[in-house]
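Visitor: We have chain D already, so just place chain W on it with the hints.
Each chain, letter by letter, is given below.
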Amino acid sequence: KAGVTQTPRYLIKTRGQQVTLSCSPISGHRSVSWYQQTPGQGLQFLFEYFSETQRNKGNFPGRFSGRQFSNSRSEMNVSTLELGDSALYLCASSLLGGATSYNEQFFGPGTRLTVL
Amino acid sequence: KNQVEQSPQSLIILEGKNCTLQCNYTVSPFSNLRWYKQDTGRGPVSLTIMTFSENTKSNGRYTATLDADTKQSSLHITASQLSDSASYICVVSPKTSYDKVIFGPGTSLSVIP
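Line order of the protein sequences matches chains D and W. Heads up, this note's numbering is the position in the first sequence plus 724, with the first residue counted as 1. Heads up, this note's numbering is the position in the second sequence plus 1173, with the first residue counted as 1.
In short, the hints are calculated from the structure, not lab data. This structure is a prediction, so every number in the text was calculated from the model and none was measured. Ideal Cβ positions, reconstructed from N, Cα and C, are used throughout, including at glycine. Be aware that a few hints might be false.
Counterexamples of contact, computed for chain D against chain W with all Cβ distances above 12 angstroms [what the hints assert, rightly or not]:
1) Ala726
2) Arg733
3) Gly740
4) Gln742
5) Leu770
6) Glu772
7) Asn780
8) Lys781
9) Asn795
10) Leu805
11) Leu814
12) Gly832
13) Arg836
14) Leu837
15) Thr838
Heads up, simulated BS3-like pairs for lysine-lysine below, C-alpha to C-alpha not over 27 angstroms straight-line [said to hold, decoys possible]:
16) Lys1190(W) <-> Lys1230(W)
17) Lys781(D) <-> Lys1273(W)
18) Lys1190(W) <-> Lys781(D)
19) Lys1244(W) <-> Lys1268(W)
20) Lys1268(W) <-> Lys781(D)
21) Lys781(D) <-> Lys1174(W)
Pulled out of the complex, with its shape left as it was, chain D reads as follows (with noise of 0.2 angstroms):
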């Protein structure tokens, strides 16, 4: 079974810019979610989804959104980039429920964004 695959893996943007990230969970997971990470703040949760539709969502301003399409494969959009913003952004699946429930959460191996 293929894991969770992220997409790109490295990512160079300037300020002011947007950035699309892809993930695609693995076959037959219906949840995912974002977590942003960085070696000042560590792993931070942004949001989840889950058959399309935002359950949970952490405390990133709204320049951070996502979205999940029909075949649970999720994107998330950065608009308006800031230098702040560097950071590796995991995405994990989970069959059912997120991080607040008793699922298995698989994580991707992440894209690296670093923002100029």
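Guide: Below, chain W alone, put in the same frame as chain D:
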């Protein structure tokens, strides 16, 4: 304020030795507590998941314990291997859906020959 703290921040041990990592949390009530292993440049991998009513959970050489009264969890690694070198992250998920999952800062473990 919900918080998760981990100690030590970093640890160096000899191959074959055992070690114990600590996690203290203030999240209450909580749904589950997880331990993840994250190799450099890769996504975290789940080691154990425990609900508030579980005391211990094992996964091979990894054993997690939970004391809900003192709000402490520990991860014990037995007979360490070089491949155990990684960051170990404690994660506490609140019971209510409107609270956010809280990640600990992680413990960086280095296993040397």
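Visitor: Run every hint past the structure and note whether it holds.
Guide: Consistency of the hints with the structure:
1. Ala726: With a cut-off of 12 angstroms, Ala726(D) remains clear of chain W, as the shortest Cβ separation is near 14 angstroms.
2. Arg733: violated (10 angstroms)
3. Gly740: About 28 angstroms separates Gly740(D) from the closest Cβ of chain W, which puts it past 12 angstroms; holds.
4. Gln742: holds (24 angstroms)
5. Leu770: violated (10 angstroms)
6. Glu772: violated (9 angstroms)
7. Asn780: Nearest chain W Cβ is 6 angstroms from Asn780(D), so the label is violated.
8. Lys781: Nearest chain W Cβ is 8 angstroms from Lys781(D), so the label is violated.
9. Asn795: Label holds. Min Cβ-Cβ 21 angstroms, cutoff 12 angstroms.
10. Leu805: holds (22 angstroms)
11. Leu814: Violated, because the least Cβ-Cβ distance between Leu814(D) and chain W comes to about 5 angstroms, which does not exceed 12 angstroms.
12. Gly832: For Gly832(D), whose nearest Cβ neighbour in chain W is about 5 angstroms away, the distance does not exceed 12 angstroms, so it is violated.
13. Arg836: violated (8 angstroms)
14. Leu837: Given that every Cβ of chain W is farther than 12 angstroms from that of Leu837(D), nearest at about 14 angstroms, it holds.
15. Thr838: holds (14 angstroms)
16. Lys1190(W) <-> Lys1230(W): With a Cα-Cα distance of about 20 angstroms, the restraint between Lys1190(W) and Lys1230(W) holds, given a limit of 27 angstroms.
17. Lys781(D) <-> Lys1273(W): Holds: Lys781(D) and Lys1273(W) sit about 8 angstroms apart, inside 27 angstroms.
18. Lys1190(W) <-> Lys781(D): violated (41 angstroms)
19. Lys1244(W) <-> Lys1268(W): Distance of about 15 angstroms is within 27 angstroms: holds.
20. Lys1268(W) <-> Lys781(D): holds (15 angstroms)
21. Lys781(D) <-> Lys1174(W): holds (18 angstroms)
When each numbered hint is compared with the structure, violations occur for hints 2, 5, 6, 7, 8, 11, 12, 13 and 18.
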